[in-house]
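**Q** Here's the letter readout for the chains.
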Amino acid sequence: MTAYLIRRLFQMVIVTVLSAMLGYSLLYLAPGGPLLFLQQMQNTGRNRVSEEDIARLKARYELDLYLPVRFTRWLAGFPSGPLQVGGLNLLPPDTVVGCAIPGQVRLRYPDGTVEIREEGCERVVTLADLESRRSSRGILFGDFGLSQQIARDRPISDLLMSRLPYTLWLMGVSTLLAILIGVPIGIYSAVRQYSRFDYAMTTITFVGSSLPTLFMGVMAILIFSVLAKDAGLPYLPSGGAQAVRDYTIPWIGRVEAGSLLDRFLRFIMPVSVLTFFNIAGWSRFVRASMLEVLRQDYVRTARAKGVQERLVITKHALRNALIPFVTLLAGVLPTLVAGAAITESVFNWPGMGRLLVDALGRSDYTVAMAILFISTVLVLIGYLISDILYTVVDPRIRLT
Amino acid sequence: MGIFSKRPTAIVALMAVLVPILAACGGAPAAPEVIRETVVVVQTAEPIRETVVVAPTAEGGTPGTTGAAFTTPHPILGDPKVRQAIAYCTNRPELIQSVYSYLTPEQQEGLLMDTNLPKTHWAAASDADGIVTYPFDPEKGKALLEEAGWKLEEGETVRANADGVPLTLEFTTTNAQFRITWATVLEKQLLDNCGIQIIRKHAPASWWFGSASGLRRRDFELGAYAWVGEADPGGRTLYACDQIPLPDNNWNGQNYMGWCNQSASNAITAANNTLNRDERIENYKAFQVEFTKDMISLPLFQRLEAYGWNKALQNMKPDPTEYITANAYEWARSDNEDTIILGFTQEPDTMFTLVSSAAVQRQAAQLVEGVLTTQYNYDFQPVLQDGLSTIESGKAKNEVIEVKEGDTVWDATGAAVELKPGVELINSDGETVTYQSGTVKMNQLTVTYDLIEGITWSDGEPLKKADLELGVKIVCDPKSGNVSLTFCESHQGAEGMNVTSDTSYTITFLPGVQWPTYYLAPYGGYPSHLELSDGRKLADVPAEEWATLPEVAETPLGYGPYILKEWNKGQSLVYEANPNFVLGEPKVKNVVIQIFADTNAAVAALLTGEVDILEKATLGAGPEVETVLKAAEEGKIEARTDASPTWEHMDMNLFVR
Numbered sequence: 075m076t077a078y079l080i081r082r083l084f085q086m087v088i089v090t091v092l093s094a095m096l097g098y099s100l101l102y103l104a105p106g107g108p109l110l111f112l113q114q115m116q117n118t119g120r121n122r123v124s125e126e127d128i129a130r131l132k133a134r135y136e137l138d139l140y141l142p143v144r145f146t147r148w149l150a151g152f153p154s155g156p157l158q159v160g161g162l163n164l165l166p167p168d169t170v171v172g173c174a175i176p177g178q179v180r181l182r183y184p185d186g187t188v189e190i191r192e193e194g195c196e197r198v199v200t201l202a203d204l205e206s207r208r209s210s211r212g213i214l215f216g217d218f219g220l221s222q223q224i225a226r227d228r229p230i231s232d233l234l235m236s237r238l239p240y241t242l243w244l245m246g247v248s249t250l251l252a253i254l255i256g257v258p259i260g261i262y263s264a265v266r267q268y269s270r271f272d273y274a275m276t277t278i279t280f281v282g283s284s285l286p287t288l289f290m291g292v293m294a295i296l297i298f299s300v301l302a303k304d305a306g307l308p309y310l311p312s313g314g315a316q317a318v319r320d321y322t323i324p325w326i327g328r329v330e331a332g333s334l335l336d337r338f339l340r341f342i343m344p345v346s347v348l349t350f351f352n353i354a355g356w357s358r359f360v361r362a363s364m365l366e367v368l369r370q371d372y373v374r375t376a377r378a379k380g381v382q383e384r385l386v387i388t389k390h391a392l393r394n395a396l397i398p399f400v401t402l403l404a405g406v407l408p409t410l411v412a413g414a415a416i417t418e419s420v421f422n423w424p425g426m427g428r429l430l431v432d433a434l435g436r437s438d439y440t441v442a443m444a445i446l447f448i449s450t451v452l453v454l455i456g457y458l459i460s461d462i463l464y465t466v467v468d469p470r471i472r473l474t
Numbered sequence: 045m046g047i048f049s050k051r052p053t054a055i056v057a058l059m060a061v062l063v064p065i066l067a068a069c070g071g072a073p074a075a076p077e078v079i080r081e082t083v084v085v086v087q088t089a090e091p092i093r094e095t096v097v098v099a100p101t102a103e104g105g106t107p108g109t110t111g112a113a114f115t116t117p118h119p120i121l122g123d124p125k126v127r128q129a130i131a132y133c134t135n136r137p138e139l140i141q142s143v144y145s146y147l148t149p150e151q152q153e154g155l156l157m158d159t160n161l162p163k164t165h166w167a168a169a170s171d172a173d174g175i176v177t178y179p180f181d182p183e184k185g186k187a188l189l190e191e192a193g194w195k196l197e198e199g200e201t202v203r204a205n206a207d208g209v210p211l212t213l214e215f216t217t218t219n220a221q222f223r224i225t226w227a228t229v230l231e232k233q234l235l236d237n238c239g240i241q242i243i244r245k246h247a248p249a250s251w252w253f254g255s256a257s258g259l260r261r262r263d264f265e266l267g268a269y270a271w272v273g274e275a276d277p278g279g280r281t282l283y284a285c286d287q288i289p290l291p292d293n294n295w296n297g298q299n300y301m302g303w304c305n306q307s308a309s310n311a312i313t314a315a316n317n318t319l320n321r322d323e324r325i326e327n328y329k330a331f332q333v334e335f336t337k338d339m340i341s342l343p344l345f346q347r348l349e350a351y352g353w354n355k356a357l358q359n360m361k362p363d364p365t366e367y368i369t370a371n372a373y374e375w376a377r378s379d380n381e382d383t384i385i386l387g388f389t390q391e392p393d394t395m396f397t398l399v400s401s402a403a404v405q406r407q408a409a410q411l412v413e414g415v416l417t418t419q420y421n422y423d424f425q426p427v428l429q430d431g432l433s434t435i436e437s438g439k440a441k442n443e444v445i446e447v448k449e450g451d452t453v454w455d456a457t458g459a460a461v462e463l464k465p466g467v468e469l470i471n472s473d474g475e476t477v478t479y480q481s482g483t484v485k486m487n488q489l490t491v492t493y494d495l496i497e498g499i500t501w502s503d504g505e506p507l508k509k510a511d512l513e514l515g516v517k518i519v520c521d522p523k524s525g526n527v528s529l530t531f532c533e534s535h536q537g538a539e540g541m542n543v544t545s546d547t548s549y550t551i552t553f554l555p556g557v558q559w560p561t562y563y564l565a566p567y568g569g570y571p572s573h574l575e576l577s578d579g580r581k582l583a584d585v586p587a588e589e590w591a592t593l594p595e596v597a598e599t600p601l602g603y604g605p606y607i608l609k610e611w612n613k614g615q616s617l618v619y620e621a622n623p624n625f626v627l628g629e630p631k632v633k634n635v636v637i638q639i640f641a642d643t644n645a646a647v648a649a650l651l652t653g654e655v656d657i658l659e660k661a662t663l664g665a666g667p668e669v670e671t672v673l674k675a676a677e678e679g680k681i682e683a684r685t686d687a688s689p690t691w692e693h694m695d696m697n698l699f700v701r
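Chains as they are written, first to last, in this note's numbering: chain A, 75 to 474; chain B, 45 to 701.
Since the hints were made in silico from the structure, they are not lab data. Please note that the accuracy of each hint is not assured.
Computed spacing ranges between beta-carbons, pair by pair [to be verified]:
1) A:207 x B:506: 36 to 46 angstroms
2) B:678 x A:297: 46 to 56 angstroms
3) B:506 x A:166: 24 to 34 angstroms
4) A:301 x B:589: 50 to 60 angstroms
In silico lysine-lysine, DSS-like type, Cα no more than 27 angstroms apart, as pairs [as the list claims (entries may be wrong)]:
5) B:517 x B:581
6) B:195 x B:184
7) A:132 x B:523
8) B:337 x B:184
9) B:674 x A:303
10) A:132 x B:517
11) B:609 x B:631
12) B:609 x B:361
13) A:303 x B:680
14) B:361 x B:441
15) B:631 x B:680
16) B:633 x B:355
17) B:232 x B:195
18) A:303 x B:355
19) B:355 x B:523
As the structure is a computational prediction, the values presented were derived from the model and not from experiment. Every residue gets a Cβ at the ideal spot worked out from N, C-alpha and C, and that includes glycine.
Could you put the whole structure together from the sequences, leaning on the hints where they help?
**A** So, in structure tokens, the structure goes:
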């Protein structure tokens, strides 16, 4: 078991670095970024931007460094200056690590035409130049760096911590409710296969898993917020985690902004949508898994031996049927932290999922990468936990 | 029953049902076969390579080299008659109708533009000034095309010239739905009305506005995009002869049409190099006459912008060229509420204005910083500045001085340089000359800027000389994150500024600097007395740290009408009235900016009364505007639409590469 864990941890580190490299490279290639606005404005008058200004801005956001150097600085805060061991330089301090101002060559063609092309580098960035720059300790050491757009020049960790409680609260409650409701429904549907309850639940869960949360969210707002209010009925606030000013709801009365009741009312719709969506998927999964187990010989044997049906279901069938469900739950861990992007956006919930959407929309790739990196690590941890849980729920499985 | 039990019959029956359905769902008439030709680029010899010394980007570009690319006139658009015909054949009201159908005919009419300046701009020319207007007149368009040799043969839909070349042009723009909508209408108009075929190409914005593609490389025939009009019209980089992007000037400049009309170029250059408002207007009008006559860029329409607000709010001043928060100190409510809530769909990135350019940031920061001047109705008005520092007011002087070799001057390209032989500069007569030796007469601008007396920081500390000195020091420090240092360089930073009192300073600009908006106070103050959480004084903090300081980026101290009390990330910014505001404590005690994930949610909140104001950047001009206008018609809220300073236009590339 120990050897297995060490091996898995080693693999996790490699997978994490590889996926980070891939994600970083893809975002590096994506258009946009902190300098995009410069291309869409009249470059004239008092606010004219010179080549020197652009070079300065590029340096500020590390856009003048070559991709591998940017990546290692983001990942591990390395290099942050000349590489020295015991006062000796491993690489010359003038080793080129980027280009501040691209070079230009004038091409004179035989037909008389002339063209200037960017080629080479007019002013390079060296290892020695990095010494005077601000530098993070690297994401591997818990330093996510600074945001480039959403909270310009402010620590990404502050940004994440301001959103994390909202996501944990939303995802935690909805996941718990979905398990508490969805698993029993799945079991009961399997045990009472083809009953009215089974048909009803199958239909509902089929609809639930077919509808995207975006649609469900918008419909929920329309019905329980807009139409209910227009009809003079009690309604639920359409979004946000808390109100800015007090409001009145029929039958309930005045709701104080920021009160527990206000927060609870705003929590109901997003958590319901996510719970319903998860129940739909998970109850179908548990039902299918239970049906498969209930057809196994050992269940038939247990029944033939005269074991009580309740024990057959809970002791013999359920424990085996839940083994694949454990794998499914491993995927919950990253969403607990990374949030539900669409649901959070629809309900204006200030969580991590909405932050990721904002970060991608506003080309704040350092923030997006931080969230993707955390998700990657959590996915890997989730799978490790599920592997370990296998041995708990199924003694036949041994990790070697 | 028996008939369907036979498999072949069943298959035929199934096909008979499916085929019409598939045809109805996705079927399209068979397209004519496209003939593909491979283009072989023949390069007989290697070009000669020369290293180019990268000079700072300047307004004065390099003139095109004879024999270089883009010297062959476009075979169709090179003819002004065709360009004018395109203008006459374009039914612009119909384009406006296609995207803003919910507006009244009068409102739609208000979005039409005739020149490169909105009709309400102080420098806009009218028919009386001699501009050529292009109302929808297909007959006139067809006549011009006939004159130009583009005939429509019997039975044909597209015109062709004597060589049988069809009148077909590629039309490039972004793939935004808004542009797809009106471009579809334009395509039909030109074909149906005048036999001009355009092939629409909707490219991603990243390509169209890319630094080495699309517009920048003049890779288009007809190209549509938008410019944003400003109180100071600028325009030199867009239309002057030396601003044509070419391969041999490394694509510098924004005159993407490749238009060089010397009269127009001189006029727009002069308009940007003079301080006298009347002379500027005269030059801008002369420019617009040439601009409309040559028809190198067809102004299509101004975009729409809209605002919605609670009926209880008073003194709202929505304006195309100013943010709604600019007069927040005048806001009031007719009911008993003491809070005004603004809805934003984008959270401000920082409160440190120097490092951001977002509209939401400006508005959030204005509440705390206050405004020295405003830009209502395409013009300038003083607020915390004590009157505009114009020459007429006696606060500014533009003297003729003599400069000699070794002096630092502002050269013709707009850069601070040491005067030496070969430097091009603009002399006191407005002529561009090359310095050889001796002395040259140049204009030197000296301006005194006064802020109104009694400005006090929200913590009660009065504004001091040290605050103003700190202001220029940080703004002009390259490490602070300031994007453009051009203005600082034009007076050599703190060196050229003399703070004469707690509310007054004088800037002596370099010889040759002639900023048309010289009368606007460029610097406010920073609270030098502010003590940070780590015990340091703000004045002692190096510029490179400023953007990362919570006391600067998140809860700054200002002398504006409101104090930012709380910033709940992703949710809201909570302000309360500044009792020390120099123009009096605001009547509304609290202002809150609430962040929404999208415009729909923000509009829903406006209609349910959860939000009081949605301004132009949040509301946009999409279908949500219609909802807001309907609600206003029903008397639920107040709403207003304006012609935005952002205007759609269609550039015509006059040359082929």
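**Q** Could you grab the alpha-carbon distance between residue 303 (chain A) and residue 355 (chain B) and see if it respects the 27 angstroms cut-off?
**A** holds, 20 angstroms
**Q** Go ahead and decide if the range 50 to 60 angstroms is satisfied by the Cβ distance of residue 301 (chain A) to residue 589 (chain B).
**A** For residue 301 (chain A) and residue 589 (chain B) the Cβ distance comes to about 52 angstroms; the hint holds.
**Q** Taking 27 angstroms as the top limit, are the C-alpha atoms of residue 609 (chain B) and residue 631 (chain B) close enough?
**A** Holds: residue 609 (chain B) and residue 631 (chain B) sit about 17 angstroms apart, inside 27 angstroms.
**Q** Given the proposed pairing of residue 303 (chain A) with residue 680 (chain B), does the C-alpha separation stay at or below 27 angstroms?
**A** holds, 15 angstroms
**Q** Quickly compare the C-alpha distance for residue 633 (chain B) and residue 355 (chain B) to 27 angstroms and report which way the hint goes.
**A** holds, 18 angstroms
**Q** With the threshold set at 27 angstroms, check whether the alpha-carbon distance from residue 232 (chain B) to residue 195 (chain B) stays at or below it.
**A** Status holds; Cα separation ~18 angstroms.
**Q** Is residue 132 (chain A) close enough to residue 523 (chain B), meaning Cα to Cα at most 27 angstroms?
**A** Holds. Residue 132 (chain A) to residue 523 (chain B) sits at ~12 angstroms (cutoff 27 angstroms).
**Q** 46 to 56 angstroms was suggested as the range; check whether the CB atoms of residue 678 (chain B) and residue 297 (chain A) agree with it.
**A** violated, 22 angstroms
**Q** Evaluate the given range 36 to 46 angstroms for the C-beta pair formed by residue 207 (chain A) and residue 506 (chain B).
**A** holds, 38 angstroms
**Q** Against the 27 angstroms threshold, does the CA-CA distance of residue 674 (chain B) and residue 303 (chain A) hold or violate the hint?
**A** holds, 18 angstroms
**Q** Between residue 506 (chain B) and residue 166 (chain A), is the Cβ distance one that fits in 24 to 34 angstroms?
**A** Given a distance of about 55 angstroms, which is not inside 24 to 34 angstroms, the answer is violated.
**Q** Within 27 angstroms, alpha carbon to alpha carbon, are residue 517 (chain B) and residue 581 (chain B)?
**A** holds, 15 angstroms
The structure is inconsistent with the numbered hints 2, 3, 14 and 19, although it conforms to all the rest.
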